[in-house]
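Those sequence lines, one after another, are chains A and B.
For the first sequence, our numbering begins at 141 and goes up steadily by one.
For the second sequence, our numbering begins at 8 and goes up steadily by one.
Hints may contain errors.
Below 27 Å or equal to it, Euclidean Cα-Cα: the simulated DSSO-like pairs (lysine-lysine) are [claimed, not checked]:
1) A:Lys320 x B:Lys135
2) B:Lys135 x A:Lys210
3) A:Lys210 x A:Lys320
4) A:Lys332 x B:Lys153
5) A:Lys207 x B:Lys168
6) B:Lys172 x A:Lys332
7) A:Lys296 x A:Lys207
Using C-beta positions, here's what the derived DEER-type ranges look like [to be verified]:
8) B:Arg34 x A:Asp283: 50 to 58 Å
9) B:Glu82 x A:Gly312: 33 to 41 Å
10) A:Asp283 x B:Lys146: 27 to 35 Å
11) B:Val86 x A:Arg192: 48 to 56 Å
12) B:Glu82 x A:Arg192: 32 to 40 Å
13) B:Gln18 x A:Glu265: 15 to 23 Å
14) B:Asp31 x A:Ser225: 37 to 45 Å
15) B:Asp31 x A:Thr250: 40 to 48 Å
Partial list, computed: chain B residues near chain A (C-beta under 7 Å) [as the list claims (entries may be wrong)]:
16) Leu21
17) Phe26
18) Asn53
19) Ser67
20) Ala71
21) Asn76
22) Ala81
23) Glu82
24) Phe95
25) Ile96
26) Ser155
Hints are computed from structural coordinates only; laboratory data are not their basis.
Note that this is a predicted model, so its numbers are computed, not measured.
Positions of the beta carbon are idealized from the N, C-alpha and C atoms, including for glycine.
Next come the chains, spelled out residue by residue.
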Amino acid sequence: MFVNWALQEVNLKIVYYGPGLSGKTTNLEFIYHKLDPSLRGDLITLKTREERTLYFDFLQLEVGRIKGMKPKFNLYTIPGQVYYSYSRKIILRGVDGVVFVADSQADRMTENLDSLMDLEQNLIENGHSLENFPWVLQYNKRDLPRVIPINELNAKLNFHRVPVVEAVASRGAGVMETLKSAIQGVVGRVQKVI
Amino acid sequence: MLQLAEKPAEQFMLSTETFNQVNDILRDLVTSTRSDFALFCDANGNPITHHGKQHVVNLSGLSALAAGNFAATAEMARVIGEKEGFKFIFQEGDRRNLYLCNVGFNFLLAIIFDKAVALGLVRIFANKTVENLKGVLDKAAQAEKKASDFIDSEFGLLLGKELDKSFSL
Ligand SMILES: Nc1nc2c(ncn2[C@@H]2O[C@H](COP(=O)(O)OP(=O)(O)OP(=O)(O)O)[C@@H](O)[C@H]2O)c(=O)[nH]1
Ligand SMILES: [Mg+2]
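Construct the complete structure from the given sequences, taking the supplied hints into account.
Listed below in structure tokens is the structure:
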């Protein structure tokens, strides 16, 4: 969090985490197209020729003043592919909240779990942990044929009982709900801890 | 007293007084180097303030990219065994050049200048600017107010309504 009292701005950083191809970039693209241009900046994407995130995507959102302060939300995605490990560490610096985009397909469970463990490890290096940090789970790709039932996903991934949103990010379903839930998690934690 | 420039922190509170001092320093830098533009941001990619010609529209984007670029370059230094990291990053364009350096551990300074301005001159003034900025930031106690002074349950409620409106939920 960065508070600039002269400009009365509060900057919060929210990172979309999750395994490769789970739909993190698709979330940001939908938010970008959905929001009025007066509420958001340009979408910056650093990607490979194959459209995979190479370093990060970035999008800034603003909403109207609240109690005199202007909240700004800086949304980042990480590259999910396993070998971009160092980039993920860099993007997580200064993070205030996380959206974990899980892939609901039956054959992606190992990747979801590996990515969640990787997130936990990186949060610990930043002095946080999944247990005491605001994060939400998005179960994405609910439109595909062989998806894992929600209760099974919860049993495997939601051991800290964080908010869950079902999504079809490619159609925008659940995307704004996920973001709202993540923002409220961050704001709720500020009230409790600081 | 908290040393803003060096201490890793979860929350930064920048007071109006410090902000104004930083602004003055940036103005001096742009004037004395006749640069187009100087941006001061934090190492996490939050823009703080800038001075100069307004041809850079997306300040938040520039700050995010500067922070990402700087972090990646620092890691490159480590990989090749440069323990202290690189002192600055310099990019040469057709019309304009970019100079990027860190200000202590937590902040970055980006300078955009015309090809006609000598790099040596920018370097000298950038070094001086970094020292001045560090001086101001190290003396600055974090602003008195805490985030929880204004981020209370009323703030949460109002924000929720604002998000519903903006997101048309
Ligand atoms: N069927 C379906 N496809 C989706 C959904 N969400 C995303 N996709 C597709 O999945 C592919 C990967 O999406 P990305 O958003 O690029 O994935 P990513 O998580 O950013 O991947 P990395 O950048 O490699 O980490 C794209 O072809 C998307 O169109 C969904 O809900 N349903
Ligand atoms: Mg991506």
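Quick rundown of the hints versus the structure:
no.	hint	in the structure
1	A:Lys320 x B:Lys135	violated (44 Å)
2	B:Lys135 x A:Lys210	violated (33 Å)
3	A:Lys210 x A:Lys320	holds (16 Å)
4	A:Lys332 x B:Lys153	holds (13 Å)
5	A:Lys207 x B:Lys168	holds (13 Å)
6	B:Lys172 x A:Lys332	holds (26 Å)
7	A:Lys296 x A:Lys207	violated (40 Å)
8	B:Arg34 x A:Asp283: 50 to 58 Å	holds (54 Å)
9	B:Glu82 x A:Gly312: 33 to 41 Å	holds (35 Å)
10	A:Asp283 x B:Lys146: 27 to 35 Å	violated (57 Å)
11	B:Val86 x A:Arg192: 48 to 56 Å	violated (22 Å)
12	B:Glu82 x A:Arg192: 32 to 40 Å	violated (20 Å)
13	B:Gln18 x A:Glu265: 15 to 23 Å	holds (18 Å)
14	B:Asp31 x A:Ser225: 37 to 45 Å	holds (41 Å)
15	B:Asp31 x A:Thr250: 40 to 48 Å	violated (55 Å)
16	Leu21	holds (5 Å)
17	Phe26	holds (4 Å)
18	Asn53	holds (4 Å)
19	Ser67	holds (4 Å)
20	Ala71	holds (4 Å)
21	Asn76	violated (9 Å)
22	Ala81	violated (9 Å)
23	Glu82	holds (6 Å)
24	Phe95	violated (19 Å)
25	Ile96	violated (15 Å)
26	Ser155	holds (5 Å)
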